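For chain F, the structure is supplied; the task is to place chain E on it using the hints.
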Amino acid sequence: DTGVSQDPRHKITKRGQNVTFRCDPISEHNRLYWYRQTLGQGPEFLTYFQNEAQLEKSRLLSDRFSAERPKGSFSTLEIQRTEQGDSAMYLCASSSLSGATNEKLFFGSGTQLSVL
Amino acid sequence: KNQVEQSPQSLIILEGKNCTLQCNYTVSPFSNLRWYKQDTGRGPVSLTIMTFSENTKSNGRYTATLDADTKQSSLHITASQLSDSASYICVVSAYSDKLIFGTGTRLQVFP
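Chains as they are written, first to last, in this note's numbering: chain F, 1 to 116; chain E, 1001 to 1111.
No lab work stands behind these hints: they were computed from the structure. Keep in mind it's a predicted model, so treat the numbers as computed, not measured. Warning: the hint list may mix true and false statements.
Derived CB-CB ranges, DEER-like [unchecked claim]:
no.	chain 1	residue 1	chain 2	residue 2	range
1	E	Leu1011	F	Glu44	21 to 27 Å
2	F	Ser73	E	Lys1017	32 to 38 Å
3	E	Pro1029	F	Leu55	39 to 45 Å
4	F	Asp63	E	Thr1056	43 to 49 Å
5	F	Glu52	E	Thr1078	40 to 46 Å
6	E	Thr1051	F	Arg15	41 to 47 Å
7	E	Asn1059	F	Arg15	39 to 45 Å
8	E	Asn1055	F	Ser96	42 to 48 Å
9	E	Ala1079	F	Ala53	44 to 50 Å
Here's a subset of chain E near chain F, in silico, CB distances under 10 Å, partners left out [as the list claims (entries may be wrong)]:
no.	residue
10	Ser1046
11	Thr1056
12	Asn1059
13	Lys1098
14	Gly1102
Ideal Cβ placement from N, Cα and C applies to all residues, glycine included.
Next comes chain F alone, as it looks inside the complex:
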């Protein structure tokens, strides 16, 4: 399977715990995005990387959230001291920087987080 892979698919945690999600993009893609999606809403941008550099972070990304892409390949998204409002689907997407403004974005299946 050469698509975008996310792990785990589902995560249930208690409020106050830390959680970490992993995303493996399509291998030749140098751009990687994290989005958050709640029920009935479209995805909301969180952050994106070009290779290992984190180029933009949304104001939605509070100081409890941190994302890394240390070698420009896989990425992790960590949420510290989880709150019930963090419950959502966390989507990862990747694309290749080809210079075209209409480059296609490929999404993973997401990690569904439930904070009890």
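Then chain E, alone, in the frame of chain F:
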């Protein structure tokens, strides 16, 4: 403010029927408009991408249209199938590469 609005919010149709979903946007400067299909519990999958100069683009039974003057797009689904049941999300890209997502239209196709 850059916004993407979709209608209807939800739609129920019978298998074999056609339907049209609408998208209005206020994103500027406009780069391209995308339609995605998202099955429940899965990530969105790209259906079409249209730039400013394109008026229509097809992908099988899906046909998207774009009117850049009125800032409207539509997604027409022909001869619907049960597997078309999903959320359809309109996404507009500004030249900053920022993607603005609509909230989607939830389509249910019944036999």
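Hints and how they fare:
For Leu1011/E paired with Glu44/F, a C-beta distance near 23 Å keeps the hint of 21 to 27 Å intact. A beta carbon spacing of about 45 Å between Ser73/F and Lys1017/E contradicts the range 32 to 38 Å that was offered as a hint. The hinted window of 39 to 45 Å between Pro1029/E and Leu55/F is violated, with their beta carbons roughly 20 Å apart. The hinted range of 43 to 49 Å is satisfied by Asp63/F and Thr1056/E, whose Cβ atoms lie roughly 46 Å apart.
Judged by the Cβ atoms, the range 40 to 46 Å given for Glu52/F and Thr1078/E holds: they are separated by roughly 44 Å. For the pair Thr1051/E and Arg15/F, the beta carbons lie near 45 Å from each other, so the given range of 41 to 47 Å is met. Look at Asn1059/E against Arg15/F: about 43 Å separates their beta carbons, and that is inside 39 to 45 Å. Between Asn1055/E and Ser96/F the C-beta distance comes to about 27 Å, which lies outside the given range of 42 to 48 Å.
With their beta carbons about 46 Å apart, Ala1079/E and Ala53/F fall inside the hinted range of 44 to 50 Å. Contact between Ser1046/E and chain F, as hinted, is supported at the beta carbon level, the nearest pair being about 5 Å apart and thus within 10 Å. With a cut of 10 Å, the hint placing Thr1056/E at the interface with chain F is violated, because the nearest CB-to-CB distance is about 15 Å. Taking 10 Å as the C-beta cut-off, the interface hint given for Asn1059/E is violated, the closest approach to chain F being about 12 Å.
The beta carbon of Lys1098/E is positioned within 10 Å of a beta carbon in chain F (closest approach about 7 Å), and the interface hint is therefore held. Here the hint on Gly1102/E is kept, as its CB sits about 5 Å from the closest CB of chain F, short of 10 Å.
When the structure is compared with the earlier hints, violations turn up for hints 2, 3, 8, 11 and 12 and for no others.
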